[in-house]
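There are 2 protein chains.
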Amino acid sequence: MRLLALICFSLLTHVAHSGELPGCPGNVGIGDRGLIIERATGSVVIVNSSRQEVLCRVEGLGDLSHASIVFSRDEQFAFVFGRDGGLSKIDVLNGRLETRVIQSGNAIGGAISQDGKVIAVSNYTPGGVRLFSTDNLQPLATVAAKTKSFPEGSKVVGLVDAPDNKMLFSLFDAGEIWQISLNNPTSPEVTKFEQVGRQPYDGLISPDGRYYMAGLFGEDGIALLDLWYPERGIQIILPDYGKGDEKLPVYKMPHLEGWAFADDHAFLPAVGRNQLLVASKGVWQLAHKIPLHGQPVFAMARPDARQIWVNFAFPENKWLQVVDTKAMKVVKKIEAGPGVMHMEFTPRGEHIWVSVRDESKVKVYDTATFALIKTLEVKSPSGIFFTARAHKIGL
Amino acid sequence: MRLLALICFSLLTHVAHSGELPGCPGNVGIGDRGLIIERATGSVVIVNSSRQEVLCRVEGLGDLSHASIVFSRDEQFAFVFGRDGGLSKIDVLNGRLETRVIQSGNAIGGAISQDGKVIAVSNYTPGGVRLFSTDNLQPLATVAAKTKSFPEGSKVVGLVDAPDNKMLFSLFDAGEIWQISLNNPTSPEVTKFEQVGRQPYDGLISPDGRYYMAGLFGEDGIALLDLWYPERGIQIILPDYGKGDEKLPVYKMPHLEGWAFADDHAFLPAVGRNQLLVASKGVWQLAHKIPLHGQPVFAMARPDARQIWVNFAFPENKWLQVVDTKAMKVVKKIEAGPGVMHMEFTPRGEHIWVSVRDESKVKVYDTATFALIKTLEVKSPSGIFFTARAHKIGL
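Protein chains in written order, with numbering that gives the first Met the number 0: chain V, 0 to 394; chain P, 0 to 394.
Rather than coming from a laboratory, the hints here were simulated on the basis of the structure. Wrong hints could be hidden among the right ones.
All copies of an identical chain are treated as equivalent in the list; a pair is satisfied when it fits inside any one copy or across any two copies.
[As the list claims (entries may be wrong)] 35 Å max Cα-Cα, derived DSBU-like pairs, lysine-lysine: (1) K147 with K332; (2) K145 with K317; (3) K317 with K373; (4) K332 with K242; (5) K325 with K191; (6) K280 with K328; (7) K328 with K391; (8) K147 with K288; (9) K332 with K116; (10) K145 with K332; (11) K328 with K145; (12) K328 with K191; (13) K378 with K391; (14) K280 with K391; (15) K251 with K145; (16) K242 with K317; (17) K288 with K360; (18) K116 with K331; (19) K88 with K332.
As the structure is a prediction and not an experimental result, all values here were calculated from the model.
If we strip away everything but chain V, and leave its shape as in the complex, we get (with noise of 0.2 Å):
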């Protein structure tokens, strides 16, 4: 029996290893397997990030341009959301497409329930938030985003999980943030907060699930609300946060999810300025404002807090800037190559893996000596996203 076992494994790992990468075997952990997109083919890679090795691909996603990925509870699975209203779900251990649905017209992010059984994506046409099943893809409901001003429904985006089995999203033409409670998916329970400032652009969740922000396109500010007490409602925070009066040029709104927190301060890519900007949390007042090479889009805290990475917007998008939270200031510059899209770390911190578009590589760092340990081959590559994602609020 146990010789029979041993033939078997190895056809089975034969079978999994055809193609030029060496493939994605099965009857391994995959707690350190990552997808990394690549925008123009449309297609995902699947990585290992101990080896860093690029394992197998997979294609047929259709249109990858500011696509997101979020993960099954047991990893197994990536959701991955499409610009052009594509949701398609991927089986990681094995490498391949499991199933896809085109579900909207044009989509922007989405998310997964806290209790796993639900993928929720927001859509700009129809605008709204369509929820399905994470076992097929099977439609459960619909959440038109009509208001009184927008009774066709407005644009979606910032959508987040929560806990408690919740969902928070914006909704960019009529100037609200609406929360849904999944318990009861197809037929969620629906909470709106109104007038919240125009037109919020983004939306983000902190890591603890308590404060839910959105960044302001039509004003400056931030909508922020304190889900611990949701009965306060809307607070504008940060009032200089956004374009000012002097409409700086603005070549690329900051993302953010990129916003770090690490110990009691919030690190914010400022919009149109070369500023990281630093914010007490909890009082949300700017206590510091750090030079930077150019305008930051993603500013990400290393696990433990002591550096964030930030990269940048077109012409300065070559480039990399450590920040170190201790002295507040920036350590290191580096030259990753032209058209730095996006940054993953891995769990523990130890690495930095960040795509570099027009170069089609991705490049792995380590964090403590800033050494270029890899690089992987990976075309017009963009998000990276290591399935430990999965078992966070708000990822």
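We have chain V already, so just place chain P on it with the hints.
Just chain P now, kept in the frame of chain V:
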């Protein structure tokens, strides 16, 4: 070829399914698995936390009183530290014992390095730390805890991993804290902090890897090392934390692993008193005392920091209490059953698993409603360890 693969899968599945339990099938994601120590029988069961199910049992692990577990970075392997110096490597995917060594006469826990290459074990007899390769459990080095005052070697406690591929531990007899750097694991670099206080009996590191703290058995107070400022050396904080002058009857010294960090506070089980102590983070001054039903052993924070779940020493060890961190008071008391030993939250916090030793049951509660949602049969269960720990500093 596909048919052959299918037949092989069925056979392999059958191999794994032998016995009365459903078995631990390979070729699935195991981000939602966990291990539960069966202390009386020297075994562990492997469970699935999504379906709340016992999958399979692994036996032959020796004396598992006070046993603990860490995981490889791919989550496939669990390293079990037994009381008798046994170190066992378990394949969590396929549900089998991979390797087992007896590495000392008497041991107390261990850790895995940030780079995932080194397992360290904390030993009483002979006192010190031994390092092993995660691949095959081959010995790499021994750090004997010998000091001028304890030339025969001190008992070692409170061993944890830290950022930058370091580990920290405390010398019970000698009253010292040592840090080892594991970049060259056959010759680890040791940094010593002397005269940290009398008889450190347990240690922890804060979830961000910044603060190492050792509880003191021989005097009151806590020895604190701020790893952002190691040059400041050891500071004694919370000088009233301990048994005090009254020499209270202490039924069980609280576990420091059970300190909960939530928001800007640390929640600590008081020693010998029916209280949960609340200290401000950073300043480390006592802010509140929350009355409890008995002497607390573990105080564990739900991942979103909204609740602290507490269990108790004999004779009150059938109870659980839940503290609301917003209200700073007990909001729920649950009679879980005789001999509550340990608790573990699912990674995003919707459930808590509780081991009830004297009833040979593990009970799963919904943390939003406090409803008991599942009861599992596990022989004299103690520690519960989910695979998501693989991705956390200090666990």
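For each hint, the structure was consulted:
no.: 1; hint: K147 with K332; result: neither (49 Å within a copy, 46 Å between copies)
no.: 2; hint: K145 with K317; result: neither (41 Å within a copy, 51 Å between copies)
no.: 3; hint: K317 with K373; result: within (17 Å within a copy, 53 Å between copies)
no.: 4; hint: K332 with K242; result: within (26 Å within a copy, 51 Å between copies)
no.: 5; hint: K325 with K191; result: between (39 Å within a copy, 23 Å between copies)
no.: 6; hint: K280 with K328; result: both (19 Å within a copy, 24 Å between copies)
no.: 7; hint: K328 with K391; result: both (28 Å within a copy, 27 Å between copies)
no.: 8; hint: K147 with K288; result: neither (40 Å within a copy, 50 Å between copies)
no.: 9; hint: K332 with K116; result: between (42 Å within a copy, 29 Å between copies)
no.: 10; hint: K145 with K332; result: neither (46 Å within a copy, 43 Å between copies)
no.: 11; hint: K328 with K145; result: neither (45 Å within a copy, 41 Å between copies)
no.: 12; hint: K328 with K191; result: between (40 Å within a copy, 30 Å between copies)
no.: 13; hint: K378 with K391; result: both (28 Å within a copy, 31 Å between copies)
no.: 14; hint: K280 with K391; result: both (20 Å within a copy, 23 Å between copies)
no.: 15; hint: K251 with K145; result: within (28 Å within a copy, 58 Å between copies)
no.: 16; hint: K242 with K317; result: within (24 Å within a copy, 58 Å between copies)
no.: 17; hint: K288 with K360; result: within (32 Å within a copy, 54 Å between copies)
no.: 18; hint: K116 with K331; result: between (42 Å within a copy, 28 Å between copies)
no.: 19; hint: K88 with K332; result: neither (38 Å within a copy, 42 Å between copies)
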